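Kindly produce the complete structure, drawing on both the sequences and the hints.
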Amino acid sequence: MLQIHNLNVSYGSIHAVRNLSLEVQKGEAVALIGANGAGKTTTVNALSGVISSKGSIQYEGKEINGMAPHKVVKEGIIMVPEGRRIFPKLSVVNNLIMGAYARKVSKKELHQEIEKIYELFPRLEERRQQMAGTLSGGEQQMLAIGRALMAKPKLLILDEPSMGLAPIVVKSIFSTVNKIKQEGLTILLIEQNASMALSVADRGYILENGEIHLQDTAKNLREKDVVKKAYLG
Numbered sequence: 001m002l003q004i005h006n007l008n009v010s011y012g013s014i015h016a017v018r019n020l021s022l023e024v025q026k027g028e029a030v031a032l033i034g035a036n037g038a039g040k041t042t043t044v045n046a047l048s049g050v051i052s053s054k055g056s057i058q059y060e061g062k063e064i065n066g067m068a069p070h071k072v073v074k075e076g077i078i079m080v081p082e083g084r085r086i087f088p089k090l091s092v093v094n095n096l097i098m099g100a101y102a103r104k105v106s107k108k109e110l111h112q113e114i115e116k117i118y119e120l121f122p123r124l125e126e127r128r129q130q131m132a133g134t135l136s137g138g139e140q141q142m143l144a145i146g147r148a149l150m151a152k153p154k155l156l157i158l159d160e161p162s163m164g165l166a167p168i169v170v171k172s173i174f175s176t177v178n179k180i181k182q183e184g185l186t187i188l189l190i191e192q193n194a195s196m197a198l199s200v201a202d203r204g205y206i207l208e209n210g211e212i213h214l215q216d217t218a219k220n221l222r223e224k225d226v227v228k229k230a231y232l233g
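For the sequence shown, our numbering begins at 1 and goes up steadily by one.
These are computed hints drawn from the structure, not numbers from a lab.
Hints should not be assumed to be uniformly reliable.
[As the list claims (entries may be wrong)] With a straight-line cut-off of 16 Å between C-alpha atoms, the simulated EDC-like cross-links for lysine to aspartate or glutamate are:
#1 26 - 183
#2 154 - 183
#3 179 - 28
#4 154 - 28
#5 54 - 211
#6 26 - 202
#7 104 - 119
#8 74 - 63
#9 181 - 202
#10 62 - 82
#11 181 - 28
#12 154 - 75
#13 152 - 126
#14 179 - 119
[Stated by the list, open to error] Computed Cβ-Cβ distance ranges for the label pairs, DEER-style:
#15 75 - 115: 20 to 30 Å
#16 26 - 195: 22 to 32 Å
#17 110 - 28: 21 to 31 Å
#18 130 - 175: 15 to 25 Å
#19 3 - 74: 18 to 28 Å
#20 216 - 130: 40 to 50 Å
Treat the numbers as computed from the prediction; the structure is a model and nothing was measured.
Built from N, CA and C at the ideal position, the CB exists for glycine as well.
Right under this line is the structure:
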């Protein structure tokens, strides 16, 4: 579904991403793991069209490198950005409605889809009329994922979903991500929390200083000593 080949991104004299290649097959969850500053978010920003890059980004056989961000979204690539970026002055339900803004959907279908999000995240139903800016960090992350799902993504990109959240909340978020994966949605997961990321991923890539240092099945990566020492404690 997604093939990135020899991706390079520079900020002036800083070469942030170097000759990065990765692929995501339809229906699988792939983790891109690395420490803060490794180049993870730069990679997904290039994929989303937010920043310019050199190299090839092919999605469903089409070259999308250089495509405008709104056109990337229309292709079915939807990102839950680092920091969540929900609409703080809109209610929970209106944030979810905003997720479907680019689609033609009847009121009945919209209501049914919102109910499905509430099934995934019961806390959001409890808070449905609450202003999103007053939610806890974990609830805002649930809302950001729910809003992205309302766009009916073909490829869902989750950028640092565990950032700033308590361990018990992280566990809940990843449990839901696993449910979404089991329903067949293709996921690219960008994470520092290697343990949680590899618990739901099929395959993983380890990114260090803008370069891929390791790639393997999630199971094999969890068993490698270098990964255990650097990322799994």
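Do the hints match the structure? See the list:
1. At roughly 12 Å between alpha-carbon atoms, residue 26 and residue 183 fall within 16 Å of each other, so this suggested pair holds.
2. A C-alpha spacing of about 12 Å is found between residue 154 and residue 183, which places the hinted pair at or below 16 Å, so the restraint holds.
3. Proposed proximity of residue 179 and residue 28 is supported: the alpha carbons are some 13 Å apart, at most 16 Å.
4. In summary, the hint linking residue 154 to residue 28 is supported, as the alpha carbons are separated by about 11 Å, within the 16 Å threshold.
5. Between residue 54 and residue 211 the CA atoms are separated by roughly 14 Å; this keeps the pair inside 16 Å, and the hint holds.
6. At most 16 Å may separate the alpha-carbon atoms for a hinted pair to count; residue 26 and residue 202 meet this at roughly 12 Å.
7. A C-alpha spacing of about 23 Å is found between residue 104 and residue 119, which places the hinted pair above 16 Å, so the restraint is violated.
8. Distance check on the hinted pair: residue 74 and residue 63 sit about 14 Å apart at the alpha-carbon level, within 16 Å; holds.
9. At most 16 Å may separate the alpha-carbon atoms for a hinted pair to count; residue 181 and residue 202 meet this at roughly 10 Å.
10. For the suggested pair residue 62 and residue 82, the alpha carbons sit about 26 Å apart, so the restraint of at most 16 Å is broken.
11. For the suggested pair residue 181 and residue 28, the alpha carbons sit about 7 Å apart, so the restraint of at most 16 Å is met.
12. A threshold of 16 Å between alpha carbons decides the hint, and for residue 154 with residue 75 the separation of about 8 Å falls inside it, so the pair holds.
13. Distance restraint check for residue 152 and residue 126: the Cα-Cα separation of roughly 23 Å exceeds the 16 Å cut-off, and the hinted pair is therefore not satisfied.
14. A threshold of 16 Å between alpha carbons decides the hint, and for residue 179 with residue 119 the separation of about 11 Å falls inside it, so the pair holds.
15. Under the hint 20 to 30 Å, the C-beta atoms of residue 75 and residue 115, about 27 Å apart, fit the expected range.
16. At roughly 26 Å, the beta carbons of residue 26 and residue 195 sit within the given window of 22 to 32 Å.
17. Between residue 110 and residue 28 the C-beta distance comes to about 29 Å, which sits within the given range of 21 to 31 Å.
18. In this structure, residue 130 and residue 175 meet the distance hint of 15 to 25 Å, their C-beta atoms being roughly 23 Å apart.
19. Between residue 3 and residue 74 the C-beta distance comes to about 19 Å, which sits within the given range of 18 to 28 Å.
20. In this structure the hint that residue 216 and residue 130 lie 40 to 50 Å apart at CB holds, the actual value being about 43 Å.
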